[in-house]
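S.K.: Sequence:
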Amino acid sequence: MTLRRAPRRRAGAPAVLATLIATVLLSGCVTQPVLPYQASVANQMKLGSLPRAARFQVTTAGSDPSDVQTTVRSMRISAPGDGSWTSYLGQALRTELATSGNYDANAAARIEATLSEVRIADGQAQVTGHFVIRQGQSVRYDKVLRADAHWDSAFLGAIAASNGLNQSTAIFQALLRKLFDDPDFAAAST
Numbered sequence: 047m048t049l050r051r052a053p054r055r056r057a058g059a060p061a062v063l064a065t066l067i068a069t070v071l072l073s074g075c076v077t078q079p080v081l082p083y084q085a086s087v088a089n090q091m092k093l094g095s096l097p098r099a100a101r102f103q104v105t106t107a108g109s110d111p112s113d114v115q116t117t118v119r120s121m122r123i124s125a126p127g128d129g130s131w132t133s134y135l136g137q138a139l140r141t142e143l144a145t146s147g148n149y150d151a152n153a154a155a156r157i158e159a160t161l162s163e164v165r166i167a168d169g170q171a172q173v174t175g176h177f178v179i180r181q182g183q184s185v186r187y188d189k190v191l192r193a194d195a196h197w198d199s200a201f202l203g204a205i206a207a208s209n210g211l212n213q214s215t216a217i218f219q220a221l222l223r224k225l226f227d228d229p230d231f232a233a234a235s236t
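Quick note: the sequence shown uses this note's numbering, first residue 47, plus one each step.
Don't read these hints as lab results, they were simulated from the structure. Warning: the hint list may mix true and false statements.
Claimed, not checked - FRET-style restraints, in silico, Cβ to Cβ: (1) N212 with G129: 14 to 22 Å; (2) Q78 with A154: 34 to 42 Å; (3) Q183 with D228: 16 to 24 Å.
Unchecked claim - Calculated cross-link-like contacts (lysine-lysine; reagent style DSBU-like; alpha-carbon spacing at most 35 Å): (4) K224 with K92; (5) K224 with K189; (6) K189 with K92.
Positions of the beta carbon are idealized from the N, C-alpha and C atoms, including for glycine.
Model the full structure from these sequences, guided by the hints.
M.R.: Right, dumping it as structure tokens:
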């Protein structure tokens, strides 16, 4: 006589979906920090075209903009560490430059970065920064740059929030790509 096991009951897609929605609704507003900044391949390729001797130190100026908006559905997105988006921008710059070999804490050239806008919402993000490159007392570069991103917004709040969290790093990569792609930045690096 062969013994047969009773079939396992699997939760159907509607049950899993209902559980996910209930969890999000019951949890209320949560705060999730962005993952630590990762260097982007596109930025590294652009920095690779700088002269080998180009080295920068990085400083950030000021505090976060007063009207930072970083809420996607019921999730508030925060900067990692001390929660400062200005610090996050400074760390992003250091990460990109260190990865490409263009960072030196004692370099004569200094990139000063200031944030004037941070908006991350459902399906869109905007970040604006002011970048100044100084060589001693001389200003070699001074521009305000803005990056915008748009993506499909999911119907489910948990998926939309996850997409917003992922785009939070990508929008800072895009802002730095604008800096590194600028021919005036390359000219200030020589």
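S.K.: Now look at each hint and say whether the structure bears it out.
M.R.: Checked hints:
Between N212 and G129 the beta carbons are some 19 Å apart, a value that agrees with the proposed interval 14 to 22 Å. A hinted range of 34 to 42 Å for the beta carbons of Q78 and A154 is consistent with their spacing of about 39 Å. At roughly 22 Å, the beta-carbon separation of Q183 and D228 lies within the given 16 to 24 Å, and the hint holds. A hinted pair counts as satisfied when its Cα atoms are at most 35 Å apart, and K224 with K92 qualifies at roughly 10 Å.
The straight-line distance between the Cα atoms of K224 and K189 is roughly 11 Å, inside the 35 Å bound, and the hint therefore holds. Annotation: proposed proximity of K189 to K92 holds, straight-line Cα distance about 18 Å (limit 35 Å).
Consistency note: the structure conflicts with none of the earlier hints.
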